[in-house]
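Chemist: Sequence order for the protein chains is A and B.
In terms of the working numbering, the first sequence opens at residue 1 and continues consecutively.
In terms of the working numbering, the second sequence opens at residue 1 and continues consecutively.
Quick caveat, the hints were computed from the structure, so don't treat them as lab data.
Some hints here could point you the wrong way.
Computed spacing ranges between beta-carbons, pair by pair [unchecked claim]: (1) V40/A with P24/B: 23 to 31 Å; (2) G240/B with K269/A: 47 to 55 Å; (3) D319/A with E199/B: 27 to 35 Å; (4) G313/A with I103/B: 35 to 43 Å; (5) A252/B with G156/A: 44 to 52 Å; (6) A135/B with Y320/A: 26 to 34 Å; (7) P232/A with G66/B: 21 to 29 Å; (8) D143/A with G66/B: 48 to 56 Å; (9) D64/A with V11/B: 44 to 52 Å; (10) D64/A with T71/B: 42 to 50 Å; (11) E280/A with P24/B: 22 to 30 Å.
In silico BS3-like pairs for lysine-lysine, Cα to Cα no more than 25 Å straight-line [stated by the list, open to error]: (12) K284/B with K128/B; (13) K16/B with K38/B; (14) K269/A with K38/B; (15) K56/A with K51/B; (16) K269/A with K229/A; (17) K269/A with K16/B; (18) K16/B with K284/B; (19) K229/A with K83/A; (20) K38/B with K13/B; (21) K62/B with K229/A; (22) K16/B with K62/B; (23) K269/A with K55/A; (24) K56/A with K229/A; (25) K51/B with K62/B; (26) K59/A with K284/B; (27) K269/A with K51/B; (28) K55/A with K51/B; (29) K269/A with K59/A; (30) K16/B with K51/B; (31) K128/B with K38/B; (32) K62/B with K13/B.
For every residue, glycine included, the Cβ atom is placed at its ideal position computed from N, Cα and C.
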Amino acid sequence: MRTRLGGMATATLPAGLADAIRDDASLRRFLHGLPGVDQVGIEQRAASLGTRSIKKAAKLWAIDTAISMVDLTTLEGADTHGKVRALAAKARRPDPERPDTPPVAAVCVYPDLAATAVEALRGSGIGVASVATAFPSGRSGRDVKLADVALAVRSGASEVDMVIDRGAFLEGRYGQVFEEIQAVKAACGDAHLKVILETGELGTYDNVRRAAWLALLAGGDFVKTSTGKVSPAATLPGTHVLLQAVRDWYTATGELRGVKPAGGIRTTKDAIRYLVAVHEVAGPEWLTPGLFRFGASSLLNDLLLQRRTQLDGHYSGPDYVTQD
Amino acid sequence: MAEQRRARVPVAKTYKLYVGGQFPRSESGRSYPVSDAKGRFLANAAHASRKDVRDAVVAARKAFPGWAGATAYNRGQVLYRVAEMLEGRREQFAAEVAASEGISGGKAQSVVDTAVDRWVWYAGWTDKIATVLGAANPVAGPYFSFTVPEPTGVVGVLAPQRSSLLGLVSVLAPALASGCTAVVVSSAQRPLPAITLSEVLATSDVPAGVVNVLTGRADELGPWLASHGDVDALDPTGAGAEARTELAREAAGTVKRVLTVPAGEPDWTERPDIARLRRYLEPKTVWHPMGG
Numbered sequence: 001m002r003t004r005l006g007g008m009a010t011a012t013l014p015a016g017l018a019d020a021i022r023d024d025a026s027l028r029r030f031l032h033g034l035p036g037v038d039q040v041g042i043e044q045r046a047a048s049l050g051t052r053s054i055k056k057a058a059k060l061w062a063i064d065t066a067i068s069m070v071d072l073t074t075l076e077g078a079d080t081h082g083k084v085r086a087l088a089a090k091a092r093r094p095d096p097e098r099p100d101t102p103p104v105a106a107v108c109v110y111p112d113l114a115a116t117a118v119e120a121l122r123g124s125g126i127g128v129a130s131v132a133t134a135f136p137s138g139r140s141g142r143d144v145k146l147a148d149v150a151l152a153v154r155s156g157a158s159e160v161d162m163v164i165d166r167g168a169f170l171e172g173r174y175g176q177v178f179e180e181i182q183a184v185k186a187a188c189g190d191a192h193l194k195v196i197l198e199t200g201e202l203g204t205y206d207n208v209r210r211a212a213w214l215a216l217l218a219g220g221d222f223v224k225t226s227t228g229k230v231s232p233a234a235t236l237p238g239t240h241v242l243l244q245a246v247r248d249w250y251t252a253t254g255e256l257r258g259v260k261p262a263g264g265i266r267t268t269k270d271a272i273r274y275l276v277a278v279h280e281v282a283g284p285e286w287l288t289p290g291l292f293r294f295g296a297s298s299l300l301n302d303l304l305l306q307r308r309t310q311l312d313g314h315y316s317g318p319d320y321v322t323q324d
Numbered sequence: 001m002a003e004q005r006r007a008r009v010p011v012a013k014t015y016k017l018y019v020g021g022q023f024p025r026s027e028s029g030r031s032y033p034v035s036d037a038k039g040r041f042l043a044n045a046a047h048a049s050r051k052d053v054r055d056a057v058v059a060a061r062k063a064f065p066g067w068a069g070a071t072a073y074n075r076g077q078v079l080y081r082v083a084e085m086l087e088g089r090r091e092q093f094a095a096e097v098a099a100s101e102g103i104s105g106g107k108a109q110s111v112v113d114t115a116v117d118r119w120v121w122y123a124g125w126t127d128k129i130a131t132v133l134g135a136a137n138p139v140a141g142p143y144f145s146f147t148v149p150e151p152t153g154v155v156g157v158l159a160p161q162r163s164s165l166l167g168l169v170s171v172l173a174p175a176l177a178s179g180c181t182a183v184v185v186s187s188a189q190r191p192l193p194a195i196t197l198s199e200v201l202a203t204s205d206v207p208a209g210v211v212n213v214l215t216g217r218a219d220e221l222g223p224w225l226a227s228h229g230d231v232d233a234l235d236p237t238g239a240g241a242e243a244r245t246e247l248a249r250e251a252a253g254t255v256k257r258v259l260t261v262p263a264g265e266p267d268w269t270e271r272p273d274i275a276r277l278r279r280y281l282e283p284k285t286v287w288h289p290m291g292g
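Could you build the full structure based on these sequences and the hints that come with them?
Modeler: So this is what it looks like as structure tokens:
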């Protein structure tokens with residue numbers, strides 16, 4: 001069966017990559033031809049980079065950079081318009097007592113609440129990310145998924161976080177996943193597309209690498225580790241694999257694509273470990289909110305507490321930041 | 001047989017901290033040798049750093065709602081159970097107190113007994129203190145007005161430097177009986193009874209994080225506890241007289257309650273009163289409309 005893959009412009013891709021997406025079989029050949037991930041090696045490298053000590057001025061810089069990279073997230077069934085507005089206020093001014101604290105990168109909500117977030121963040125320059133495509137499981141028909149995306153885009157979301165069909169991916173129906181990402185990308189219009197791979201459900205690092213390349217080939221602007229609803233969520237070694245993929249993509253095509261670890265990053269120490277990994281694996285040009293994000297809710301408060309500790313010279317406590 | 005016994009190499013111990021129900025090493029990786037009163041090596045103890053203080057305060061804060069919210073009766077039962085376990089370890093405590101403080105076995109035994117009794121004494125107060133310090137206030141209006149004491153929060157305790165068990169129990173038990181959670185910095189030179197107490201607490205019914213024991217120097221850790229934004233009260237007993245002034249100044253930044261303690265180390269065998277319990281409690285007054 002030789003099915004031609006979707007209608008995206010492939011003219012800009014170099015010959016090797018353009019050939020990869022010619023049809024189903026060549027896509028499979030390309031993804032299975034990717035070099036395997038050395039599991040022991042990558043876990044060891046992630047652990048050794050995690051021990052790097054960042055102190056004083058560098059730490060303060062890292063904290064501020066991390067704050068500006070946070071996608072402040074609320075994805076609960078119990079979310080209300082009021083909660084989204086409160087979150088938006090926090091996104092604008094994370095620490096009202098210290099107005100020099102940078103704002104976060106974006107607020108991440110369900111599509112039906114995107115309009116509220118857009119309204120609350122108007123004029124701030126802070127993005128609104130909306131999850132879509134039957135988040136978090138991705139189990140629905142394509143027309144439903146696309147309608148979900150359309151709702152997010154119509155509401156004014158500047159970023160769409162889609163989930164891939166893990167079932168199709170694990171069954172080896174790569175072409176279907178590829179076309180779905182392309183269709184969502186087309187439905188996004190000007191909005192940035194983040195492709196959630198849900199690495200915790202993919203099983204192996206090899207699969208994570210394949211999914212990352214699949215998402216990049218199909219036009220995802222970001223590859224994102226997880227929905228935050230599955231454990232394990234973001235892990236350092238898993239993020240290493242994604243960072244390698246975007247760096248290799250840059251080498252092959254000259255295009256910069258982003259990475260977003262999400263879920264389970266709760267402390268400043270964790271966040272700084274991720275920043276070290278970004279710097280060492282992808283490169284310093286990725287240390288910007290345009291190319292690296294944290295999907296997190298409780299991380300922001302810990303960053304704010306650590307920022308206060310650095311500036312005040314003594315430890316702070318949860319009484320000094322807003323709890324949501 | 002005798003020859004075999006002589007040949008045995010004793011197990012040299014390196015103790016760790018007690019934080020959040022776990023026994024972690026110091027974040028700094030430091031440890032220091034502990035000697036008995038005559039300078040002979042006893043064991044190694046972890047040398048806690050400011051980051052251990054930070055972790056301990058986080059653990060204590062996490063444990064606070066559960067411990068403060070437990071009924072007074074339940075808290076009392078949990079503390080009685082600790083006293084039972086202290087009793088069960090009498091021999092070990094007596095040996096450690098004797099070695100640490102350089103006193104005779106008989107004297108150490110009596111110190112341990114007093115410490116257990118002290119613990120029971122405070123355990124008994126848990127369900128009585130509200131009656132003594134609370135009130136039904138007479139007010140000029142159709143209201144009931146009650147005042148009830150509530151625990152203040154996380155307490156930093158610099159334990160006495162000389163009295164390693166009785167002194168420790170006398171400063172720790174009131175914080176627990178009042179419903180507060182504690183971060184204790186043990187005596188620097190005589191930490192072994194505090195370490196054994198933390199082993200007792202770990203296997204008792206006291207929830208993880210309610211007591212956190214750091215072995216190390218009060219003059220190093222005290223200022224971090226005093227300035228910490230998430231510590232609500234400080235007992236500076238184990239700090240020197242001059243250091244206490246500095247601690248009080250540091251604590252003022254976060255309007256922390258600092259206990260007034262005698263200049264020298266008091267005679268811990270004396271019968272206590274409820275002054276320490278009172279310092280860890282905040283009065284809450286409730287107005288309720290009368291029917292009719």
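Chemist: Which hints from the list above does the structure break, by number from lowest to highest?
Modeler: 2, 14, 18, 24, 26, 31 and 32
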